[in-house]
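J.: Residues per chain are reported as follows:
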Amino acid sequence: MEKTILEIKDLSIEYRTDEGRAKAANRVSLSINENETLGLVGETGAGKTTTALGIMCLLPDPPGKVTGGEIIFQGEDLLKKSDEQMRKIRGKQISMIFQDPMTSLNPVLTVGEQIAEVLYLHSEMSRDKVEEEAKKILELVGISRDRFHEFPHQFSGGMKQRVVIAIALVCNPALLIADEPTTALDVTIQFQVLQLINDLKQRLRTSMLLITHDLGVVAEVCDRVAIIYAGEIVEIGSIQEIFENTKHPYTVGLFNSIPDLDEERDRLEGIDGLMPDPTELPEGCKFAPRCKHCKPECETAQSIEPVDIAGDHKVRCLLYRASGEVTQ
Amino acid sequence: MSILIETRNLKKYFNTPKGLLHAVDDVSLQIEHGKTLGIVGESGCGKSTFGRLLLHLLDSTGGQMLFEDKDITNVNKKQIKELRKDMQMIFQDPYASLNPRMTVSEIIMEPLQIYKVYKSRQEYENRVKELMQVVGLTDKVARSYPHELDGGRRQRIGVGRALALSPKFIVCDEPVSALDVSIQAQILNLMQDLQKEFGLTYIFVTHDLSVVKHISDDICVMYLGIVVEKCPTKELFKKQYHPYTKALLSAIPRPSLKRNDQRIVLKGELTSPINPGPACRFASRCAEAKEICRRESPAYGEVTPGHFTACHFAHNFK
Chain A
1 MEKTILEIKD LSIEYRTDEG RAKAANRVSL SINENETLGL VGETGAGKTT TALGIMCLLP
61 DPPGKVTGGE IIFQGEDLLK KSDEQMRKIR GKQISMIFQD PMTSLNPVLT VGEQIAEVLY
121 LHSEMSRDKV EEEAKKILEL VGISRDRFHE FPHQFSGGMK QRVVIAIALV CNPALLIADE
181 PTTALDVTIQ FQVLQLINDL KQRLRTSMLL ITHDLGVVAE VCDRVAIIYA GEIVEIGSIQ
241 EIFENTKHPY TVGLFNSIPD LDEERDRLEG IDGLMPDPTE LPEGCKFAPR CKHCKPECET
301 AQSIEPVDIA GDHKVRCLLY RASGEVTQ
Chain B
329 MSILIETRNL KKYFNTPKGL LHAVDDVSLQ IEHGKTLGIV GESGCGKSTF GRLLLHLLDS
389 TGGQMLFEDK DITNVNKKQI KELRKDMQMI FQDPYASLNP RMTVSEIIME PLQIYKVYKS
449 RQEYENRVKE LMQVVGLTDK VARSYPHELD GGRRQRIGVG RALALSPKFI VCDEPVSALD
509 VSIQAQILNL MQDLQKEFGL TYIFVTHDLS VVKHISDDIC VMYLGIVVEK CPTKELFKKQ
569 YHPYTKALLS AIPRPSLKRN DQRIVLKGEL TSPINPGPAC RFASRCAEAK EICRRESPAY
629 GEVTPGHFTA CHFAHNFK
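As given, the protein sequences belong to chains A and B, one line each in that order. Number 93 in the working numbering belongs to position 93 of the first sequence; there are no gaps in the numbering. Numbers given in the working numbering equal positions in the second sequence, counted from 1, plus 328.
Hints are computed from structural coordinates only; laboratory data are not their basis. We put the beta carbon where it would ideally sit given N, CA and C, even for glycine. Some hints here could point you the wrong way.
Here are the in silico distance ranges between beta carbons for each label pair [said to hold, decoys possible]:
id	chain 1	residue 1	chain 2	residue 2	range
1	A	ASP77	B	PRO560	52 to 62 Å
2	B	LYS562	A	GLY311	32 to 42 Å
3	B	ALA424	A	LYS65	29 to 39 Å
4	A	GLY311	B	VAL593	25 to 35 Å
5	A	LYS65	B	HIS361	52 to 62 Å
6	A	ILE72	B	ALA615	43 to 53 Å
7	B	VAL593	A	GLU263	23 to 33 Å
8	A	ILE72	B	LYS586	31 to 41 Å
9	B	LYS562	A	ILE72	44 to 54 Å
Mimicking EDC-like on lysine to aspartate or glutamate, the simulated pairs with C-alpha atoms at most 20 Å apart in a straight line are [as the list claims (entries may be wrong)]:
id	chain 1	residue 1	chain 2	residue 2
10	B	LYS574	A	ASP260
11	B	LYS413	B	ASP387
12	B	LYS562	A	GLU263
13	B	LYS566	A	ASP262
14	B	LYS363	B	GLU396
Turn these sequences into a full structure, and let the hints steer you where they fit.
T.: Shown next, in the form of structure tokens:
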């Protein structure tokens, strides 16, 4: 049995604004095992980044507020930690790669200083040792150690993202949260960075939560996938299960929306309609208004519990009963 | 099929403090009536500049443009205004390309008013209503402002505005890049329907090869200002002659686990488009580069009927 490194149970997060309470995450439950990469996939506003910020205890408060649930990391609930304790965990045991490498680096510090800063905060190493470690990690992400004293603007987009990865990995964290790490990059550069992430994951044996909207990226790096819609995990399972035994109508719609390179299709099926407003979520299934298979009970069901399909493949949909048979 | 728009050795250089930036260099393309040409490439390859040149949003540095066999390279302001009745544009970012102080109906009506198409207020309003229906916007949103709407509906406004004057030709500059996939599919379907209904000709500029494959009849791959490969869409996915096209195709992440193509990781990143030397522009990243590639740039020519490329060794790859 693999050891679970992170387990989120029924995490709910809302943003309290003048317009109402936006329910950004609704009873999100997921777990990540050691050495495993979980892809968290969803569209804009689905609650992907909110969940990630919740794990890091970095939600902007106000307006963000965790309203329930637990985040168990290595046996301890992160939500019960003090700010001081969290500061010691962030960067050392859990670190994060942000989406936009152009804005996540400090423009007035050299890249070397920015990598070294993490080591100064989390270790007792001497100055020389820190510099040596920082140069080593630069080389590990494919940047020459001679560029230690250069500033971020002297690097291209792909190189900057490598620096961000170096900063995240320098303390050898147990869990890495990557929030759309390649979305801002061109495809050929994206491919380089994904290869690097794959390579480092194996070498450093880091677990990873990869947040993305791109199912193609998921296919490149993930072991398991969770699909999130309107703040709810609608389907979760191994990559084989999700890609080849797709169950939830939303996941099916996502796959059908992507133009296929291998197949000829005249028309994309897509999904009609829009994601519901998080301040006024529908009562029953959140996807019901856009769903082709919607039945009356879908709109009224108070809470839809995830159903086991096969192994750890779970789907939150009334179409399925346990063991994956379709209800009539 | 008749050619609607054609460019011959079209060039656009920008003066920068560091030297001459070759944004578009010697691009010669033809687009037939009612077809879609997809232009793909990574950031900085000159694809958007090319689209803007066609509409005279930028002045070209050299070369020729023909629209319905008329030379439109050097035209004055009045002629440009006349031309734009036939040529319109859909912009990338539906969050930035709509005036936040105008309502949806005002935005769609503006081009009609500029050209004084109708006489009475009623006629304008009827036309706007009709356009909104065509692009799938409900009457309810006519008085809304863009910020009240989501990205998909905003892009529908952009499409409606481009269609207002019943143009023949539309340059679509990354029209779906800012949208989520499920919304992206809705807009792509809409654009295909409109093309069929009104016989539109599109240039579809994008970085996303799967989108371009879906919507285009022909594809043109650009790299640092030059066209490296151009051919019918189906052909491109079967046979690529240029090493860059091969690498680009192999780099796309696909939502499939049954992938068995050979993956090529390109070394390095885009070189500078400022004062490019005589070498092949892809030579520094190309795994197959030989001495000649660093000495002279390859000519753009036809390898097999309808399939053009610019590589010294294209014939060897047959």
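J.: Indicate, hint by hint, whether the structure satisfies it.
T.: For each hint, the structure was consulted:
no. : hint                             : result
1   : A:ASP77 to B:PRO560: 52 to 62 Å  : 59 Å, holds
2   : B:LYS562 to A:GLY311: 32 to 42 Å : 39 Å, holds
3   : B:ALA424 to A:LYS65: 29 to 39 Å  : 32 Å, holds
4   : A:GLY311 to B:VAL593: 25 to 35 Å : 33 Å, holds
5   : A:LYS65 to B:HIS361: 52 to 62 Å  : 58 Å, holds
6   : A:ILE72 to B:ALA615: 43 to 53 Å  : 47 Å, holds
7   : B:VAL593 to A:GLU263: 23 to 33 Å : 26 Å, holds
8   : A:ILE72 to B:LYS586: 31 to 41 Å  : 36 Å, holds
9   : B:LYS562 to A:ILE72: 44 to 54 Å  : 52 Å, holds
10  : B:LYS574 to A:ASP260             : 17 Å, holds
11  : B:LYS413 to B:ASP387             : 18 Å, holds
12  : B:LYS562 to A:GLU263             : 11 Å, holds
13  : B:LYS566 to A:ASP262             : 10 Å, holds
14  : B:LYS363 to B:GLU396             : 14 Å, holds
Every hint, counting from the list given before, is met by this structure.
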